[in-house]
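**Q** Assemble the whole structure, with the sequences as input and the hints as a guide.
Sequence lines, in order, name chains A and B.
The first sequence: position 8 = 8 (this note's numbering), numbered continuously.
The second sequence: position 167 = 167 (this note's numbering), numbered continuously.
Don't read these hints as lab results, they were simulated from the structure.
We put the beta carbon where it would ideally sit given N, CA and C, even for glycine.
Check the hints yourself; a few may be wrong.
[To be verified] Rough simulated footprint, nothing fancy, chain B against chain A, three-plus residues with beta-carbon under 8 Å:
1. 32-44
2. 79-88
3. 112-124
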Amino acid sequence: MNLRELAESHLGVTLENANHFGLPIVFISPSGVTYDAIQGQVLYDTRAVTDLGVEIIAHNPVVTVRKSSLTRVPLASEKGTWAVKIPATPSPTASTETYILGRQSEDGGSLGFVRFYLSKTVQS
Amino acid sequence: MTMHFRTIKDAIETLLVNAASGQYRVRGYPDQAFNAAEFADTDRLVQVYYDGGNFPNTSSGRGPYDHRMTFKIQLIASRAAQCDLTVLNDLSATQGQLAAALAAVEPAAKGVDDSIDELIDLVFNVLMDGDNLHLGLSDPVGSRWIERIEKQEPYARGDRAVAEATMDLTCRRTEEVPTTDLLGTVDVIKTDIQNQGDTAARASVEVETT
Chain A
1 MNLRELAESH LGVTLENANH FGLPIVFISP SGVTYDAIQG QVLYDTRAVT DLGVEIIAHN
61 PVVTVRKSSL TRVPLASEKG TWAVKIPATP SPTASTETYI LGRQSEDGGS LGFVRFYLSK
121 TVQS
Chain B
1 MTMHFRTIKD AIETLLVNAA SGQYRVRGYP DQAFNAAEFA DTDRLVQVYY DGGNFPNTSS
61 GRGPYDHRMT FKIQLIASRA AQCDLTVLND LSATQGQLAA ALAAVEPAAK GVDDSIDELI
121 DLVFNVLMDG DNLHLGLSDP VGSRWIERIE KQEPYARGDR AVAEATMDLT CRRTEEVPTT
181 DLLGTVDVIK TDIQNQGDTA ARASVEVETT
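**A** Following this line, the structure appears as structure tokens:
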């Protein structure tokens, strides 16, 4: 096993282990297929700087999952909308919130992870 | 003495508050550090503030102080994407129902663009209403007019999309200022000035005291 393979295997601990950062993530494809039983890391708030130079903490969940654990990699650019369910708080037993994929994901490529940026949804 | 532009700004704010009916919130100052989630209850915010004015010069230096003033009406809307969450959150929903719900998602950028357009419509109709010619004041306000509307492209802030627009509202009003001019009780110094060849003529010189 080379170093990259070793780093990828560590994602099983750093991203997917429920005793560490792993939280249950559910993806629903545009065709309605549900992909559950996926574990990943969720960062709920991100630091951002507005156009006016004001630093803010924005509720802007980012989900990172191990690419090899996905049977299909969601793409924000594909036709249709993906839905993503995450726990409302950083607890595996918390109630879930539903988001949609807001913009193109960030593919960790050789490191073996994919990062998804979510957009809030409200009842229409 | 309070300048009229302050009264007029309050009047604009009052007009907009009275017409809001829960469709937007009004704030009487330009808060630059707003949070998109802060106005999530109505999704829309209107901020009113005095932007500036000019006074045509008068030769006397005493007025009238004709104030041509400009107010900025800043409109802000925020919107999240909309979809049928009851279906997406229903564990028993079929694949077809989930697909239909996802196909009907309205992106936040589209929703917020529609929302800011509607807000422009609402606010314009309030301020340019014929009944509001004097912006709800008993004293006349001259030349009330929305000169310009400028709209910006929607942008993402946090997990929402935000859109902004600005209206320039101009009007005129003569300001009144306190004075120590003693025009009514000036000292009058009468002096005999004889014009050449006119022994009867007299002139007086008024001296203003300040």
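**Q** Now look at each hint and say whether the structure bears it out.
**A** Against the structure, the hints:
1. Only when three residues or more bring their CB closer than 8 Å to a CB of chain B does the claim for the stretch 32-44 of chain A stand; here the count is 3, and the claim holds.
2. As drawn, the stretch 79-88 of chain A meets chain B at 5 residues by the rule of a beta-carbon pair under 8 Å; at three or more, the given contact holds.
3. Counting residues of the stretch 112-124 of chain A whose CB lies closer than 8 Å to any CB of chain B gives 7, so the stated coverage by that chain holds, three being the minimum.
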